[in-house]
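Chemist: Sequence:
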Amino acid sequence: MAKTRRAVKTCLSVLPILLSAPIIAAGIWASNSCANFYFQQIIISMGALMFLVGLVACCAISTEDEDASATYFGTTFLLFLMAVALFIAAFVVTGYSGSPHSVPGRNYVEYRLDHFAFWLRRRVSGYFRWNPIISCLTASNWCEKLDKTYSSSQQLFTAHLTPLQSGCCMPQAKCEYTYVSPTNWKVSKDNKTDTDCLNWSNDPRKLCYSCDSCKAGFLADIRKKIRIANLIMFITFLVAIVVCVGSCVIFTMN
1 MAKTRRAVKT CLSVLPILLS APIIAAGIWA SNSCANFYFQ QIIISMGALM FLVGLVACCA
61 ISTEDEDASA TYFGTTFLLF LMAVALFIAA FVVTGYSGSP HSVPGRNYVE YRLDHFAFWL
121 RRRVSGYFRW NPIISCLTAS NWCEKLDKTY SSSQQLFTAH LTPLQSGCCM PQAKCEYTYV
181 SPTNWKVSKD NKTDTDCLNW SNDPRKLCYS CDSCKAGFLA DIRKKIRIAN LIMFITFLVA
241 IVVCVGSCVI FTMN
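For the sequence shown, full-length UniProt numbering gives the first residue as 1, with consecutive numbering after it.
Check the hints yourself; a few may be wrong.
Unchecked claim - In silico PhoX-like pairs for lysine-lysine, Cα to Cα no more than 20 Å straight-line:
id: 1; residue 1: 225; residue 2: 206
id: 2; residue 1: 206; residue 2: 145
id: 3; residue 1: 206; residue 2: 224
id: 4; residue 1: 186; residue 2: 206
id: 5; residue 1: 148; residue 2: 189
As the list claims (entries may be wrong) - Here are the in silico distance ranges between beta carbons for each label pair:
id: 6; residue 1: 132; residue 2: 14; range: 39 to 49 Å
id: 7; residue 1: 38; residue 2: 178; range: 35 to 45 Å
id: 8; residue 1: 17; residue 2: 112; range: 39 to 49 Å
id: 9; residue 1: 55; residue 2: 119; range: 26 to 36 Å
id: 10; residue 1: 55; residue 2: 141; range: 22 to 32 Å
id: 11; residue 1: 147; residue 2: 245; range: 51 to 61 Å
id: 12; residue 1: 203; residue 2: 112; range: 16 to 26 Å
id: 13; residue 1: 153; residue 2: 91; range: 29 to 39 Å
id: 14; residue 1: 102; residue 2: 55; range: 45 to 55 Å
These are computed hints drawn from the structure, not numbers from a lab.
No residue lacks a Cβ here, since even glycine has one placed at the ideal position from N, Cα and C.
Produce the entire structure from the sequences given, and follow the hints as far as they go.
Modeler: The structure is reproduced here in structure tokens:
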């Protein structure tokens, strides 16, 4: 019995330290240097708290402190509740009504800004929020890579482009501009009403960075990363709570 209890306690002390790694890694992966959406920092903080819980568990084992053990179980359960709340909140505020717009004859999809949840749209609204993001995006050379990769319209249209590439690097399909290169298009005079079409420029410093389609592509990329990171965090905490419950059962049986 004593060996079983010792083995279970050792597992409980090591597990949080191991589980903190994927949570912190997911938060770092989801972070975006161009904008702060807060969720990523919260996920990293949750991982750091999980690591501290592991240290508390190690202390509980080395000292056979019952209070420390109770603190471990209580803190783990509290963190799990916080993870559930964050998981739900992330899926609510990163919602997207409908589905991305499929373009006939093209393998990639286009996103509409007004389909994103209000909280996300606020993060890219206004000059002072969006202009620094534009500067960051242009410095990353997202669009320049398209010119080096695709030499014909057929190659471009059959490619699986990222939301940022389809939204920021080329005009929307509805503009019906003529392809010259991925970032160079012959502008049609027929479409004078659509704002995104009017905002398009062949200047590599401008392109469609001021378009709503670019904001939508940026949000689509962020939304995907936030949701994946939150899912990883939730599953990790779920594993931790299942192990804790199982350990409590073993302690009770022994």
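Chemist: Work down the list of hints and note, for each, if the structure agrees.
Modeler: Each hint, compared with the structure:
1. 225 with 206: Given pair residue 225, residue 206 is violated - Cα atoms ~26 Å apart, limit 20 Å.
2. 206 with 145: Within the cut-off at roughly 16 Å; holds.
3. 206 with 224: Not OK: residue 206 and residue 224 at ~25 Å, beyond 20 Å, violated.
4. 186 with 206: Given that 20 Å is the threshold and the Cα spacing comes to 15 Å, the pair holds.
5. 148 with 189: violated (28 Å)
6. 132 with 14: 39 to 49 Å: holds (43 Å)
7. 38 with 178: 35 to 45 Å: holds (42 Å)
8. 17 with 112: 39 to 49 Å: holds (44 Å)
9. 55 with 119: 26 to 36 Å: holds (35 Å)
10. 55 with 141: 22 to 32 Å: 42 Å Cβ-Cβ, so the 22 to 32 Å window is violated.
11. 147 with 245: 51 to 61 Å: holds (55 Å)
12. 203 with 112: 16 to 26 Å: 25 Å Cβ-Cβ, so the 16 to 26 Å window holds.
13. 153 with 91: 29 to 39 Å: Since the Cβ atoms of residue 153 and residue 91 sit about 37 Å apart, the hinted range of 29 to 39 Å holds.
14. 102 with 55: 45 to 55 Å: Holds, since residue 102 and residue 55 (Cβ atoms, about 50 Å apart) stay within the stated range.
Checked against the numbered hints given earlier, the structure breaks hints 1, 3, 5 and 10 and satisfies all the rest.
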